[in-house]
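Residue-level listing of the chains:
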Amino acid sequence: MLDLINAIRSRDPAKPTFCEVIFAYPGFHAVVFFHPVAAGLWKMELFALARLWAHIGRLFTGIEIHPQAQIGKNLFIDHGMGVVIGQTSVIGDDCTIYHGVTLGGKGNGAAGEKRHPTLGNNVVIGAYAQVLGPISIGNGARIGAGSIVTNDVEENSVAAGNPAKVIGAAASGPAPYGLL
Amino acid sequence: MLDLINAIRSRDPAKPTFCEVIFAYPGFHAVVFFHPVAAGLWKMELFALARLWAHIGRLFTGIEIHPQAQIGKNLFIDHGMGVVIGQTSVIGDDCTIYHGVTLGGKGNGAAGEKRHPTLGNNVVIGAYAQVLGPISIGNGARIGAGSIVTNDVEENSVAAGNPAKVIGAAASGPAPYGLL
Amino acid sequence: MLDLINAIRSRDPAKPTFCEVIFAYPGFHAVVFFHPVAAGLWKMELFALARLWAHIGRLFTGIEIHPQAQIGKNLFIDHGMGVVIGQTSVIGDDCTIYHGVTLGGKGNGAAGEKRHPTLGNNVVIGAYAQVLGPISIGNGARIGAGSIVTNDVEENSVAAGNPAKVIGAAASGPAPYGLL
Chain U
1 MLDLINAIRS RDPAKPTFCE VIFAYPGFHA VVFFHPVAAG LWKMELFALA RLWAHIGRLF
61 TGIEIHPQAQ IGKNLFIDHG MGVVIGQTSV IGDDCTIYHG VTLGGKGNGA AGEKRHPTLG
121 NNVVIGAYAQ VLGPISIGNG ARIGAGSIVT NDVEENSVAA GNPAKVIGAA ASGPAPYGLL
Chain H
1 MLDLINAIRS RDPAKPTFCE VIFAYPGFHA VVFFHPVAAG LWKMELFALA RLWAHIGRLF
61 TGIEIHPQAQ IGKNLFIDHG MGVVIGQTSV IGDDCTIYHG VTLGGKGNGA AGEKRHPTLG
121 NNVVIGAYAQ VLGPISIGNG ARIGAGSIVT NDVEENSVAA GNPAKVIGAA ASGPAPYGLL
Chain D
1 MLDLINAIRS RDPAKPTFCE VIFAYPGFHA VVFFHPVAAG LWKMELFALA RLWAHIGRLF
61 TGIEIHPQAQ IGKNLFIDHG MGVVIGQTSV IGDDCTIYHG VTLGGKGNGA AGEKRHPTLG
121 NNVVIGAYAQ VLGPISIGNG ARIGAGSIVT NDVEENSVAA GNPAKVIGAA ASGPAPYGLL
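Protein chains in written order, with the working numbering: chain U, 1 to 180; chain H, 1 to 180; chain D, 1 to 180.
In case anyone wonders, no lab produced these hints; they're calculated from the structure.
Certain hints may be false.
[Claimed, not checked] Chain H stretches covered by chain D per the calculated footprint, using a threshold of three residues with CB under 8 Å from any CB of chain D:
#1 45–53
#2 58–64
#3 97–107
#4 128–137
[To be verified] Ranges of calculated distance between the beta carbons of each label pair, as one might list FRET restraints:
#5 V32(H) with S136(D): 43 to 49 Å
#6 V32(H) with M44(U): 26 to 32 Å
#7 K165(H) with S10(D): 33 to 39 Å
#8 K73(H) with F60(D): 28 to 34 Å
#9 A110(U) with F18(H): 16 to 22 Å
#10 F60(D) with P36(H): 22 to 28 Å
#11 C19(D) with K73(H): 20 to 26 Å
#12 M1(H) with D3(D): 40 to 46 Å
#13 G112(U) with F33(H): 27 to 33 Å
#14 F60(D) with A110(U): 37 to 43 Å
#15 F60(D) with N6(H): 33 to 39 Å
#16 M1(H) with M44(D): 46 to 52 Å
#17 L59(U) with F18(D): 27 to 33 Å
Even glycine gets a Cβ: it sits at the ideal position worked out from N, Cα and C.
This is chain U alone, in the form it adopts within the complex (with noise of 0.2 Å):
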């Protein structure tokens, strides 16, 4: 819980002190609180148990994570509100998350079968990107708020627009555009 509260302090450029994370940041309680309790109740196979208690962590975030979800170590969901994450995502290490994205299936596929998004380690995606489908977005990859992602993003690339398309390559300093 203390490293996400520094990997909130250090990633987000409001530079936040400790209070501020722990009273007002939603994406804090979402992972932190919410979510780990409702994955808990999920492997107790307390399925609709599990969902209410996300669906409350939702009221109370804006962020809907399902209780199946698997969730990497200091996930930053900046801001939050509108956030999906699917019954079948998988998120690495310390990606960063902004409001609306959603990692969602492409609403077919079975209930066994993996139908959303996988992510590697320090992915960022911008508000409101729209990523679908089981596809892998690589380590240190980056897309652009907005974007709709249905195919595979490789390692360390920017992708951004509606279809999205690599864009440039994700080198530290600014973004090319489009990313928050």
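Chain U is already provided as a structure; the job is to place chains H and D on it using the hints.
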């Protein structure tokens, strides 16, 4: 109400149980509980009360439906956060709408005038698609996630992009791209 | 406050009554009640309390406004769910912003630096448009729904698309496309 629960259970690839739908589906709460009461108050010409009730529904579900909007049978609003359904919208039967979808106006028109879209039956609208103006979306049409639609879309066609273009025919089976 | 109610009643084609605005307009609650208190606490250097209050405002309205953001007269945030207004944003008078709009940064820049947009007067920003970086949107400009804007937009012009391009001049009367 049982019809809608069954419709959700068959249309959602996550295959929720009966209890999961009852407890954890905000789109279910909006369509079965909040909107019918708001619509009833509106018909009784208790306009402010109707809108207050719709506002309370939005607080609990993240879904904003104007009390005067006309909604057909078995509308499934999945996830739901950020959905806005405008005053003169008409929605046919068996439609599926994802989170962030707007059935909106274009900021002009008189109060009595038709300003919002009309959806046929079996329409699917992907996440965060914006469908704007007094346009028609034909039966069985599918709109990709993040599309900006301001023209009519014909029956059984698929539209996507910003601005949206028809990109194919809606057959059974997997969606072309960008659909959630 | 009466000015804003009148502004909303004249700008919203749904022509709400006085009571409807008071009871059911989250954008009204955010601008008249939540943000001024948060801004006052921030000026008193009660930073964590200011952000907690802004966070509570977000819970009730779906609108997230950083306490330090500068907002002009008669801002009408319509629908409002998912709006994020960043720390160094400046908004002129008589602007209209729809739900899902971000006045955001690009994930870089130092805490003291200007990282967010400046809007002139009479600007209209359509639903889910993302306006990112320390850019200027000129007086009377209109931004289409779902646009991704990372460059300056000149006075009285209309920008739309992902990435956004200028597509015409903002005259009175109907919007070109994609405006909500």
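So, going through the hints one by one against the coordinates:
no., hint, result
1, 45–53, "holds (count 4)"
2, 58–64, "holds (count 4)"
3, 97–107, "holds (count 6)"
4, 128–137, "holds (count 3)"
5, V32(H) with S136(D): 43 to 49 Å, "holds (46 Å)"
6, V32(H) with M44(U): 26 to 32 Å, "holds (29 Å)"
7, K165(H) with S10(D): 33 to 39 Å, "holds (35 Å)"
8, K73(H) with F60(D): 28 to 34 Å, "holds (32 Å)"
9, A110(U) with F18(H): 16 to 22 Å, "holds (19 Å)"
10, F60(D) with P36(H): 22 to 28 Å, "holds (24 Å)"
11, C19(D) with K73(H): 20 to 26 Å, "violated (32 Å)"
12, M1(H) with D3(D): 40 to 46 Å, "holds (45 Å)"
13, G112(U) with F33(H): 27 to 33 Å, "holds (32 Å)"
14, F60(D) with A110(U): 37 to 43 Å, "holds (40 Å)"
15, F60(D) with N6(H): 33 to 39 Å, "holds (34 Å)"
16, M1(H) with M44(D): 46 to 52 Å, "holds (51 Å)"
17, L59(U) with F18(D): 27 to 33 Å, "holds (30 Å)"
Hint violations for this structure: number 11 only, all remaining hints satisfied.
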